[in-house]
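Residue numbers (full-length UniProt numbering), protein chains in the order written: chain A, 1 to 331; chain D, 1 to 331.
Don't take each hint at face value.
Each pair may be met inside one copy or between any two copies, as identical chains are not told apart.
Straight-line Cα separation of at most 27 angstroms, BS3-like style, residue types lysine-lysine; simulated pairs [stated by the list, open to error]: (1) 138 - 299; (2) 143 - 166; (3) 39 - 2; (4) 197 - 39; (5) 39 - 186.
Source of the hints: derived by calculation from the structure; they are not laboratory data. No experiment lies behind these values; they were computed from the predicted model shown.
2 protein chains.
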Amino acid sequence: MKSKQIHLVSRPTGVPSQANFNLVEVTLPDLQAGQVLVKNTWMSVDPYMRNRMIDRESYIPPFQLGEVMDGGAVGEVVESNNPQFPVGARVSNISGWRTAFISNGEDLTQLPEVDLPDQHFLGVIGMTGLTAWVGLTKIAQLKPTDTVFVSAASGAVGSVACQIAKLYGCRVIGSVGSDEKAEMVKAMGVDAVINYKTAGNLTQALREAAPEGIDVYFENVGGEHLEAALEVMNDYGRIAVCGMIADYNADSPQPGPANLLLINTKKLTMQGFIVMDYFDQYEAFVGQMAPWLAEGKVKSEETVYEGIEHAVEAFLGLFEGRNKGKMLVKL
Amino acid sequence: MKSKQIHLVSRPTGVPSQANFNLVEVTLPDLQAGQVLVKNTWMSVDPYMRNRMIDRESYIPPFQLGEVMDGGAVGEVVESNNPQFPVGARVSNISGWRTAFISNGEDLTQLPEVDLPDQHFLGVIGMTGLTAWVGLTKIAQLKPTDTVFVSAASGAVGSVACQIAKLYGCRVIGSVGSDEKAEMVKAMGVDAVINYKTAGNLTQALREAAPEGIDVYFENVGGEHLEAALEVMNDYGRIAVCGMIADYNADSPQPGPANLLLINTKKLTMQGFIVMDYFDQYEAFVGQMAPWLAEGKVKSEETVYEGIEHAVEAFLGLFEGRNKGKMLVKL
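With the sequences and hints as input, model every part of the structure.
As structure tokens, then:
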């Protein structure tokens with residue numbers, strides 16, 4: 001069995017390019033006792049992976065040069081020496097960026113028996129959806145009376161966050177980077193959408209969209225977005241820091257918002273989180289999300305690239321705003 | 001009865017100066033039924049007052065041009081038509097920046113029967129001490145195993161915060177702006193003191209002072225201090241934002257720290273607070289602080305200017321680092 005894999009071959013400064021990656025074909029060895037062969041059917045590309053391209057200590061180890069990268073994927077067991085995962089079993093795994101791999105089963109999770117397309121388990125009902133749900137419900141302690149601002153509202157996490165906040169009864173404002181994305185976000189029922197590329201003064205646009213101020217900011221972007229959110233936040237507002245994509249490809253450190261003192265005077269709370277810390281909440285999350293999906297109350301937004309040959313292009317596209325909803329690679 | 005008062009006569013941009021203030025003598029009217037005449041004996045000058053010189057909406061109304069300012073003070077009732085506050089009663093009040101005033105009693109609080117100098121009720125066992133205590137125990141949820149970094153450690157709030165954190169069993173690191181202040185902070189039992197003016201790279205100095213990282217940052221300064229703290233914080237660290245004095249006199253907005261993304265990757269919590277929200281905790285605070293003071297476990301650090309003629313000088317001195325501990329004006 002052959003496996004096509006994407007290796008990291010050099011560390012980017014600033015925006016990564018195809019030159020940082022290499023597509024390699026390897027031959028997998030024969031299965032040992034207890035092992036299974038998994039063929040991945042879908043893989044995820046995520047903004048956080050940009051940070052793993054930097055060689056530094058963080059909450060997750062950096063990718064190693066000359067080695068295959070990893071990340072979320074779903075696949076099917078095609079050969080099995082492990083009764084827990086028979087041939088045909090559909091599994092989620094963290095061995096993305098490759099078409100096939102051998103596992104002893106420890107890093108595999110059987111997909112729940114829910115009538116949903118497999119790739120949803122990488123997105124709306126996978127880590128992406130859990131991230132949105134944790135940020136709103138556990139970090140920001142969402143209440144129905146809150147006005148919620150979601151940056152990158154058309155993104156993988158943002159699009160789910162918007163929908164969850166609407167289902168909680170909140171007034172929701174989203175920011176996006178194109179009119180096409182604005183249409184998509186409006187169609188999800190979001191109350192006001194700002195195209196930050198054409199809005200001019202973002203603080204002013206946000207103030208107009210939320211004349212009574214915002215109570216919760218779901219932070220995906222950083223920079224000017226954070227500055228605007230701080231300016232428009234109400235007293236005791238909560239900021240759930242999911243990521244700051246504006247910083248990821250910066251050549252040099254980007255200055256933070258000039259109005260951080262508002263955290264003091266408005267008595268704000270700004271809290272960062274990493275979804276890994278909340279894996280024990282997955283079942284509780286699925287308990288809410290599965291019915292929402294079944295009833296059509298939440299829709300999965302997806303952008304799909306086909307073939308591992310296009311995985312790098314899909315990944316790079318994240319930083320050019322090429323995705324609407326979850327960016328996926330079909331293998 | 002005459003009262004000398006400090007009026008705000010113009011709004012500063014950047015560093016305030018004597019020209020923004022005026023000393024005015026007024027004659028107080030005769031007492032009405034229910035009223036008392038209070039002669040202030042001590043008044044407080046505090047960094048937060050700089051923000052009240054700006055005409056904008058905030059948690060506390062701005063000072064009005066051409067009118068007397070206000071702030072914390074303690075005084076003595078010298079004439080009384082109110083049995084609740086007989087002549088000789090010692091009262092704390094928020095009618096500082098003046099030598100005497102008339103009150104109906106609603107804004108007066110009798111000083112507790114504790115054997116402490118009156119001015120301590122403006123400092124270590126007043127709002128200043130409560131601020132330090134709330135920031136550490138309510139906002140940062142201090143634990144004995146924490147390593148705590150206090151900026152402006154020789155300041156009014158900072159010097160109390162350092163001592164409370166030591167009494168909780170924490171390892172404490174303080175930053176100060178002179179070697180003389182460093183000596184004072186060391187004498188309080190703080191484990192490591194950084195003179196940020198001579199330390200060179202603050203992040204490096206902080207890392208050396210806290211080789212195992214910091215868990216709690218008590219933020220009084222902002223700017224470079226916050227950037228260094230973020231860099232050296234441990235996962236799940238907590239930042240209690242009491243103030244950012246570095247920003248108060250800035251002519252133009254100062255950029256925030258370039259490493260705010262660490263709030264996400266280190267899963268930090270940064271929370272602002274204003275002591276007013278915790279007045280209901282004052283008794284609980286006194287219950288801890290009064291015995292500490294009585295037993296000599298906490299010492300009050302004070303810098304005293306004499307006479308209302310020097311109140312503006314005392315206030316301006318706050319921004320030049322002229323105070324060790326609480327800055328007070330004896331009237």
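**Prompt:** At most 27 angstroms between C-alpha atoms: does residue 143 with residue 166 qualify within a copy, between copies, both, or neither?
**Reply:** within (11 angstroms within a copy, 38 angstroms between copies)
**Request:** Could you place residue 39 and residue 2 in one of the four classes (within, between, both, neither) given a Cα distance threshold of 27 angstroms?
**Result:** within (10 angstroms within a copy, 90 angstroms between copies)
**Prompt:** Quick one: residue 39 to residue 186, C-alpha cut-off 27 angstroms, is that within a copy, between copies, both, or neither?
**Reply:** Classified as neither; 37 angstroms inside a copy, 63 angstroms across copies.
**Message:** If the cut is 27 angstroms between Cα atoms, do residue 197 and residue 39 qualify within a copy, between copies, both or neither?
**Reply:** This pair counts as neither: shortest intra-copy Cα distance 41 angstroms, inter-copy 59 angstroms.
**Prompt:** Within a copy, between copies, both or neither: where do residue 138 and residue 299 come within 27 angstroms Cα-Cα?
**Reply:** Within. Shortest intra-copy distance 22 angstroms satisfies the 27 angstroms Cα cut-off; inter-copy 41 angstroms does not.
Hints 4, 5, counting from the list given before, are not met by this structure.
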